[in-house]
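Trainee: Listed here are the chains, written in short residue letters.
Protein chains: 2
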Amino acid sequence: MSTKQQQDNLDNVVWHQHKIGKQQRAKAKQQKPCVLWFTGLSGSGKSTIANLLEQKLFELSKQSYLLDGDNIRHGLCGDLGFSDRDRVENIRRISELCKLFVDSGEIVLAAFISPFRTDRAFARSLLGDGEFVEVFVDAPLAVCEERDPKGLYKKARRGEIHKFTGIDSDYQVPYGPEITIDTAKYNPQECVEQILNYLTENGFLK
Amino acid sequence: MSTKQQQDNLDNVVWHQHKIGKQQRAKAKQQKPCVLWFTGLSGSGKSTIANLLEQKLFELSKQSYLLDGDNIRHGLCGDLGFSDRDRVENIRRISELCKLFVDSGEIVLAAFISPFRTDRAFARSLLGDGEFVEVFVDAPLAVCEERDPKGLYKKARRGEIHKFTGIDSDYQVPYGPEITIDTAKYNPQECVEQILNYLTENGFLK
Chain A
10 MSTKQQQDNL DNVVWHQHKI GKQQRAKAKQ QKPCVLWFTG LSGSGKSTIA
60 NLLEQKLFEL SKQSYLLDGD NIRHGLCGDL GFSDRDRVEN IRRISELCKL
110 FVDSGEIVLA AFISPFRTDR AFARSLLGDG EFVEVFVDAP LAVCEERDPK
160 GLYKKARRGE IHKFTGIDSD YQVPYGPEIT IDTAKYNPQE CVEQILNYLT
210 ENGFLK
Chain B
10 MSTKQQQDNL DNVVWHQHKI GKQQRAKAKQ QKPCVLWFTG LSGSGKSTIA
60 NLLEQKLFEL SKQSYLLDGD NIRHGLCGDL GFSDRDRVEN IRRISELCKL
110 FVDSGEIVLA AFISPFRTDR AFARSLLGDG EFVEVFVDAP LAVCEERDPK
160 GLYKKARRGE IHKFTGIDSD YQVPYGPEIT IDTAKYNPQE CVEQILNYLT
210 ENGFLK
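Chains as they are written, first to last, in my numbering: chain A, 10 to 215; chain B, 10 to 215.
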């Protein structure tokens, strides 16, 4: 085959190329892809709820992927610190990552404190209508501080951590999140049920 | 329920928590997740082959996701330019992204010129044994330049693009890639067959 023919061949393939898109992947996975964006104070229960939800979704043969500090801060965002600028860049990259995973057809569980409304609004802006589900994991600061699962509040109170959300940095409560779960009132299983009900009622788990 | 009981409850859930891991996700998707890392000159056929392969995998009910300039350069790496430093950071982020998608159980098709051995070695280093499949898309520079699907070689020859791979920047041929496909000799369908054979023989499509 001549180079000219090769070129024609390539052109043809490009021309007839049917890229596999989000709709087809979603159909194959039998679900409506979305991001469940868990936001809340440290100790509010984001990771606990997200992990339990991941198990439940798996049992339902749904395909989800959990993004949290564990798999992000050491890898994709390993070059970032905790300055204001780096925090914004951290959330920007996570948002773009969520967009790609949604495009791949997955249900993404993103569990980050994400204290600022503008950052969450940015994540929402990248996604299509109905694809961004903000889950406000609500628990009073006093409850989170008593739980203090990683001992971070104690460190913050001793001044060993600075700009710690809830102590010397703001947490901006969401306006009109799709879901609010109250982890001071309900146990994790009940919270997960509440989210699953939302997903079912809104056609994400067809 | 008291806050103390809530805490116990959360502790219990954390304790009994069975995180869903890569193995389980791969099993559910009925495939062995990996990265097919397509490397080669501009115009060698990386995107054409990767797109065609994506279609074939979809027809086989395999779950893959294609990463290329289209969905990376405008999003996750939209803040990066083309300086040496930015090119390295670009490949670093793509590598970390591949790692996350493999962790989610997908077969990732990554199509980037990625001209430097150190960058490809970095991507490989992030992944487990057998998870990184380097696909050298081989075509002589003269053939790629004649194809010139985006008119970039012409621009480079006129000096309108600098540090263009193959013209005034090196392309480092892979040492021992898992697969070499010769797009000057075989048509895209044949190239895709060759890759599918490799994937079948090595248990990726079980």
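Note that these hints are calculated values from the structure, not bench results. Quick reminder that beta carbons are idealized off the backbone N, C-alpha and C, glycines included. Any given hint might turn out to be false.
Claimed, not checked - Quick list of in silico lysine-lysine cross-link-like pairs, DSS-like style, CA-CA up to 30 Å:
#1 A:K71 / B:K36
#2 B:K31 / A:K65
#3 A:K65 / B:K41
#4 B:K163 / B:K194
#5 B:K31 / A:K71
#6 A:K215 / B:K215
#7 B:K31 / A:K163
#8 A:K38 / B:K159
#9 A:K36 / B:K194
#10 B:K215 / A:K65
#11 A:K172 / A:K159
#12 A:K215 / B:K71
#13 A:K31 / B:K163
#14 B:K31 / A:K36
#15 B:K36 / A:K215
#16 B:K28 / A:K28
#17 A:K28 / B:K194
#18 B:K41 / A:K41
#19 A:K31 / B:K36
#20 A:K28 / B:K36
#21 A:K215 / A:K172
#22 A:K28 / B:K215
#23 B:K38 / A:K164
#24 A:K71 / B:K159
#25 B:K28 / A:K71
#26 A:K41 / B:K163
#27 A:K215 / B:K28
#28 A:K38 / B:K194
#29 B:K164 / A:K65
#30 B:K71 / A:K28
#31 B:K71 / A:K31
#32 B:K163 / A:K36
What the hints assert, rightly or not - Here are some of the chain B residues that sit facing chain A, going by a computed Cβ distance under 8 Å:
#33 D77
#34 K108
#35 F125
Trainee: All hints are to be evaluated individually against the structure, with a verdict given for each.
Mentor: Verification of the supplied hints:
1. Annotation: proposed proximity of K71 of chain A to K36 of chain B holds, straight-line Cα distance about 13 Å (limit 30 Å).
2. As the CA atoms of K31 of chain B and K65 of chain A are separated by approximately 16 Å, the hinted pair is consistent with the 30 Å bound.
3. Simply put, K65 of chain A and K41 of chain B have alpha-carbon atoms about 23 Å apart, close enough for the 30 Å limit, and the pair holds.
4. With a CA separation close to 24 Å, the supplied pair K163 of chain B and K194 of chain B stays within the 30 Å bound.
5. Between K31 of chain B and K71 of chain A the CA atoms are separated by roughly 14 Å; this keeps the pair inside 30 Å, and the hint holds.
6. Simply put, K215 of chain A and K215 of chain B have alpha-carbon atoms about 27 Å apart, close enough for the 30 Å limit, and the pair holds.
7. A distance of roughly 34 Å separates the Cα atoms of K31 of chain B and K163 of chain A; the hinted pair therefore is violated under the 30 Å criterion.
8. For the proposed pair K38 of chain A and K159 of chain B, the alpha carbon gap of about 34 Å is over 30 Å, so the pair is violated.
9. Proposed proximity of K36 of chain A and K194 of chain B is contradicted: the alpha carbons are some 37 Å apart, above 30 Å.
10. A C-alpha spacing of about 26 Å is found between K215 of chain B and K65 of chain A, which places the hinted pair at or below 30 Å, so the restraint holds.
11. Distance hint between K172 of chain A and K159 of chain A is fulfilled; the C-alpha atoms sit about 16 Å from each other, no more than 30 Å.
12. The straight-line distance between the Cα atoms of K215 of chain A and K71 of chain B is roughly 20 Å, inside the 30 Å bound, and the hint therefore holds.
13. Annotation: proposed proximity of K31 of chain A to K163 of chain B is violated, straight-line Cα distance about 34 Å (limit 30 Å).
14. The suggested pairing of K31 of chain B with K36 of chain A holds, with an alpha-carbon distance near 22 Å, which does not exceed 30 Å.
15. For a cut-off of 30 Å, the pair hint linking K36 of chain B to K215 of chain A stands: about 21 Å separates their Cα positions.
16. Our distance criterion of 30 Å between C-alpha atoms is broken by K28 of chain B and K28 of chain A, whose separation comes to about 33 Å.
17. Pair hint K28 of chain A plus K194 of chain B holds up; C-alpha atoms about 24 Å apart against a cutoff of 30 Å.
18. Distance restraint check for K41 of chain B and K41 of chain A: the Cα-Cα separation of roughly 24 Å lies within the 30 Å cut-off, and the hinted pair is therefore satisfied.
19. Only pairs whose Cα atoms come within 30 Å are accepted, and K31 of chain A paired with K36 of chain B is accepted, the gap being roughly 22 Å.
20. Pair hint K28 of chain A plus K36 of chain B holds up; C-alpha atoms about 26 Å apart against a cutoff of 30 Å.
21. Of the supplied pair hints, the one linking K215 of chain A and K172 of chain A is violated, its CA atoms being roughly 42 Å apart against a limit of 30 Å.
22. Restraint check for K28 of chain A and K215 of chain B: the C-alpha separation of about 24 Å stays at or below 30 Å, so the hint holds.
23. Only pairs whose Cα atoms come within 30 Å are accepted, and K38 of chain B paired with K164 of chain A is rejected, the gap being roughly 43 Å.
24. At most 30 Å may separate the alpha-carbon atoms for a hinted pair to count; K71 of chain A and K159 of chain B exceed this at roughly 40 Å.
25. The hinted pair formed by K28 of chain B and K71 of chain A meets the criterion: a straight-line CA distance of about 15 Å does not exceed 30 Å.
26. Restraint check for K41 of chain A and K163 of chain B: not satisfied, since their Cα atoms lie roughly 44 Å apart, outside the 30 Å limit.
27. The suggested pairing of K215 of chain A with K28 of chain B holds, with an alpha-carbon distance near 24 Å, which does not exceed 30 Å.
28. A distance of roughly 37 Å separates the Cα atoms of K38 of chain A and K194 of chain B; the hinted pair therefore is violated under the 30 Å criterion.
29. A distance of roughly 54 Å separates the Cα atoms of K164 of chain B and K65 of chain A; the hinted pair therefore is violated under the 30 Å criterion.
30. A hinted pair counts as satisfied when its Cα atoms are at most 30 Å apart, and K71 of chain B with K28 of chain A qualifies at roughly 15 Å.
31. Our distance criterion of 30 Å between C-alpha atoms is met by K71 of chain B and K31 of chain A, whose separation comes to about 14 Å.
32. Proposed proximity of K163 of chain B and K36 of chain A is contradicted: the alpha carbons are some 42 Å apart, above 30 Å.
33. Because the smallest distance between the Cβ of D77 of chain B and any Cβ of chain A comes to about 11 Å, over 8 Å, the interface hint for this residue is violated.
34. Hint status for K108 of chain B relative to chain A: holds, with the closest Cβ pair at about 6 Å, below 8 Å.
35. For F125 of chain B, the interface hint is violated, the least distance from its beta-carbon to any beta-carbon of chain A being 19 Å, above 8 Å.
Violated hints, listed in ascending order, are 7, 8, 9, 13, 16, 21, 23, 24, 26, 28, 29, 32, 33, 35; each of the other numbered hints is respected by the structure.
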